[in-house]
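According to this note's numbering, the residues represented by the first sequence are 111 to 429, in order.
Because the hints were derived from the structure by calculation, they are not lab data. Accuracy of the hints is not assured; some may be wrong.
[Said to hold, decoys possible] Below are the EDC-like pairs computed for lysine to aspartate or glutamate, each with C-alpha atoms no more than 16 Å apart in a straight line:
| id | residue 1 | residue 2 |
| --- | --- | --- |
| 1 | 417 | 381 |
| 2 | 302 | 334 |
| 3 | 149 | 204 |
| 4 | 400 | 381 |
| 5 | 175 | 428 |
| 6 | 273 | 235 |
| 7 | 400 | 428 |
| 8 | 149 | 224 |
| 9 | 292 | 349 |
| 10 | 317 | 338 |
| 11 | 242 | 194 |
| 12 | 317 | 350 |
| 13 | 402 | 381 |
| 14 | 365 | 301 |
| 15 | 417 | 428 |
| 16 | 149 | 194 |
| 17 | 149 | 215 |
[To be verified] If you anchor each label on the Cβ, the simulated ranges turn out as follows:
| id | residue 1 | residue 2 | range |
| --- | --- | --- | --- |
| 18 | 198 | 333 | 46 to 52 Å |
| 19 | 128 | 274 | 25 to 31 Å |
| 20 | 202 | 273 | 47 to 53 Å |
| 21 | 333 | 282 | 28 to 34 Å |
| 22 | 142 | 215 | 39 to 45 Å |
| 23 | 273 | 369 | 20 to 26 Å |
| 24 | 139 | 367 | 38 to 44 Å |
| 25 | 142 | 368 | 30 to 36 Å |
| 26 | 140 | 334 | 51 to 57 Å |
| 27 | 273 | 417 | 39 to 45 Å |
| 28 | 200 | 417 | 24 to 30 Å |
Think of the CB as a built atom: it goes at the ideal place given N, C-alpha and C, for glycine as much as any other residue.
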Amino acid sequence: MRIRFGYVAMSTLLKDCSPSHTVTLGNLTKIESINDQRKRLATLARMNIASTTRLFHHNRAYDIKVFRLTSKLIPLATHPLLQDWDWPRELGADFRNLGSLAVRDGLRISAHPDHFTLLNSPREEVVQAAVKDLIYHDGIFSCMGLESAAKLVIHVGGSYKDKDNSLVRFIENFRKLPTPIKARIMLENDDKSYSAAEVLALCQQLKVPMVLDIHHHWCLNRVEDIADLLPAIFATWDEEIVPPKVHISSPRDDKNIRAHADYIDPVFLLDFLNIARGLDRDFDVMCEAKAKDAALFRLLDDLKNEKGLAFADQATIEI
DNA sequence: ACCTGTCAAGTCTGG
DNA sequence: CCAGACTTGACAGGT
Numbered sequence: 111m112r113i114r115f116g117y118v119a120m121s122t123l124l125k126d127c128s129p130s131h132t133v134t135l136g137n138l139t140k141i142e143s144i145n146d147q148r149k150r151l152a153t154l155a156r157m158n159i160a161s162t163t164r165l166f167h168h169n170r171a172y173d174i175k176v177f178r179l180t181s182k183l184i185p186l187a188t189h190p191l192l193q194d195w196d197w198p199r200e201l202g203a204d205f206r207n208l209g210s211l212a213v214r215d216g217l218r219i220s221a222h223p224d225h226f227t228l229l230n231s232p233r234e235e236v237v238q239a240a241v242k243d244l245i246y247h248d249g250i251f252s253c254m255g256l257e258s259a260a261k262l263v264i265h266v267g268g269s270y271k272d273k274d275n276s277l278v279r280f281i282e283n284f285r286k287l288p289t290p291i292k293a294r295i296m297l298e299n300d301d302k303s304y305s306a307a308e309v310l311a312l313c314q315q316l317k318v319p320m321v322l323d324i325h326h327h328w329c330l331n332r333v334e335d336i337a338d339l340l341p342a343i344f345a346t347w348d349e350e351i352v353p354p355k356v357h358i359s360s361p362r363d364d365k366n367i368r369a370h371a372d373y374i375d376p377v378f379l380l381d382f383l384n385i386a387r388g389l390d391r392d393f394d395v396m397c398e399a400k401a402k403d404a405a406l407f408r409l410l411d412d413l414k415n416e417k418g419l420a421f422a423d424q425a426t427i428e429i
């Protein structure tokens with residue numbers, strides 16, 4: 111049973127390696143010609159792709175096989191004013207090169223459209239923006255040549271004081287999505303509205319894989335025991351070619367339990383490993399800590415001192 | 001070189 | 001009912 115570890119989007123160790131360079135709309139529109147505006151955007155996107163390329167090399171050097179791309183690779187990509195910018199044409203070759211590196215290295219790639227991507231909003235314009243955002247993310251993966259194993263993790267959304275109808279709206283809007291987008295989506299339990307048991311039921315209904323977030327479950331659960339849910343959560347991955355995925359992070363402090371701490375307390379993971387051990391199934395762990403790769407390396411160091419944990423490589427444990 | 005406010009997104013709380 | 005909190009990394013402009 112192998113457990114691979116990864117981190118999110120950027121490195122706190124590599125210098126001058128932001129994959130999220132951007133520009134504000136106000137500053138962009140100070141550039142007079144539309145053509146020059148797009149040149150500026152493309153330049154920033156290429157800087158971001160170059161940083162991400164460095165991150166891939168960094169990952170390879172440390173055997174890291176699980177990585178989430180930033181959603182900000184292309185500045186203002188989903189902004190209404192840039193609707194008709196054909197960025198895949200301009201940046202396609204750059205993304206293809208980036209994607210071929212990921213494929214060569216066996217790097218599992220994902221992305222996480224942010225909290226404002228809401229498929230279940232009662233406001234039609236919000237749903238439309240969410241669909242646009244999903245299409246943007248899918249476009250990047252497609253340009254990179256990544257199949258549907260490269261997935262997009264999203265939350266169910268808001269509760270809008272009526273969870274039953276909010277769930278119905280999610281189901282309806284999900285079913286309307288283009289098939290290739292549906293094939294990329296995985297759903298995650300959140301820390302305020304939709305618990306692991308609720309998301310699991312939804313995933314089973316829609317035949318979508320579920321990402322379990324251990325920290326969120328700790329913040330919000332309806333007297334659910336994760337040991338009872340885990341076999342079914344992992345089973346949502348049975349038809350996938352990639353193993354189940356779990357998110358881990360630690361609460362920032364007693365006052366801000368939902369916020370993410372800089373580092374990860376290994377206790378959270380060790381408790382989970384004791385539950386998962388019985389299932390004897392490979393899975394991947396995404397570390398969501400403010401210190402990013404530095405937090406991952408510290409967690410791996412902490413795990414090295416645990417009895418019964420052997421390392422298959424620098425970032426994979428074997429039980 | 002550093003510091004502070006702003007951006008960009010939508011929901012939800014509280015006054 | 002609207003202003004502010006929430007979240008995040010980086011820009012933008014000032015010292």
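Against the structure, the hints:
1. With a C-alpha separation of about 14 Å, the suggested pairing of residue 417 with residue 381 holds against the 16 Å cut-off.
2. Pair hint residue 302 plus residue 334 holds up; C-alpha atoms about 15 Å apart against a cutoff of 16 Å.
3. Among the hinted pairs, residue 149 with residue 204 is consistent with the structure: their alpha-carbon atoms are about 15 Å apart, no more than 16 Å.
4. Distance restraint check for residue 400 and residue 381: the Cα-Cα separation of roughly 21 Å exceeds the 16 Å cut-off, and the hinted pair is therefore not satisfied.
5. Between residue 175 and residue 428 the CA atoms are separated by roughly 15 Å; this keeps the pair inside 16 Å, and the hint holds.
6. Restraint check for residue 273 and residue 235: the C-alpha separation of about 20 Å exceeds 16 Å, so the hint is violated.
7. Pair hint residue 400 plus residue 428 does not hold up; C-alpha atoms about 26 Å apart against a cutoff of 16 Å.
8. With a CA separation close to 26 Å, the supplied pair residue 149 and residue 224 exceeds the 16 Å bound.
9. With a C-alpha separation of about 14 Å, the suggested pair residue 292 and residue 349 falls inside the 16 Å cut-off, and the hint holds.
10. Under the criterion of a C-alpha separation no larger than 16 Å, the hint pairing residue 317 with residue 338 is inconsistent with the structure, at around 20 Å.
11. The straight-line distance between the Cα atoms of residue 242 and residue 194 is roughly 13 Å, inside the 16 Å bound, and the hint therefore holds.
12. Between the alpha carbons of residue 317 and residue 350 the distance comes to roughly 11 Å, so the proposed pair stays at or under 16 Å and holds.
13. At roughly 22 Å between alpha-carbon atoms, residue 402 and residue 381 are farther apart than 16 Å, so this suggested pair is violated.
14. Between residue 365 and residue 301, the direct Cα distance comes to roughly 15 Å. Compliance with the 16 Å bound is thereby established for this hinted pair.
15. The suggested pairing of residue 417 with residue 428 holds, with an alpha-carbon distance near 12 Å, which does not exceed 16 Å.
16. The straight-line distance between the Cα atoms of residue 149 and residue 194 is roughly 14 Å, inside the 16 Å bound, and the hint therefore holds.
17. The hinted pair formed by residue 149 and residue 215 fails the criterion: a straight-line CA distance of about 31 Å is larger than 16 Å.
18. Take residue 198 and residue 333: their Cβ atoms lie about 47 Å apart, and the range 46 to 52 Å holds.
19. Take residue 128 and residue 274: their Cβ atoms lie about 42 Å apart, and the range 25 to 31 Å is violated.
20. Remark: the range hint 47 to 53 Å for residue 202 to residue 273 is contradicted by a beta-carbon distance near 41 Å.
21. Between residue 333 and residue 282, the C-beta spacing of about 29 Å keeps the proposed range 28 to 34 Å intact.
22. About 42 Å separates the C-beta atoms of residue 142 and residue 215, a value consistent with the hinted range of 39 to 45 Å.
23. Checked against the hint of 20 to 26 Å, the pair residue 273 and residue 369 passes, with Cβ atoms roughly 24 Å apart.
24. The given range of 38 to 44 Å is respected by residue 139 and residue 367, whose C-beta atoms sit roughly 41 Å from each other.
25. About 44 Å separates the C-beta atoms of residue 142 and residue 368, a value inconsistent with the hinted range of 30 to 36 Å.
26. Remark: the range hint 51 to 57 Å for residue 140 to residue 334 is upheld by a beta-carbon distance near 52 Å.
27. For the pair residue 273 and residue 417, the beta carbons lie near 44 Å from each other, so the given range of 39 to 45 Å is met.
28. Between residue 200 and residue 417, the C-beta spacing of about 54 Å breaks the proposed range 24 to 30 Å.
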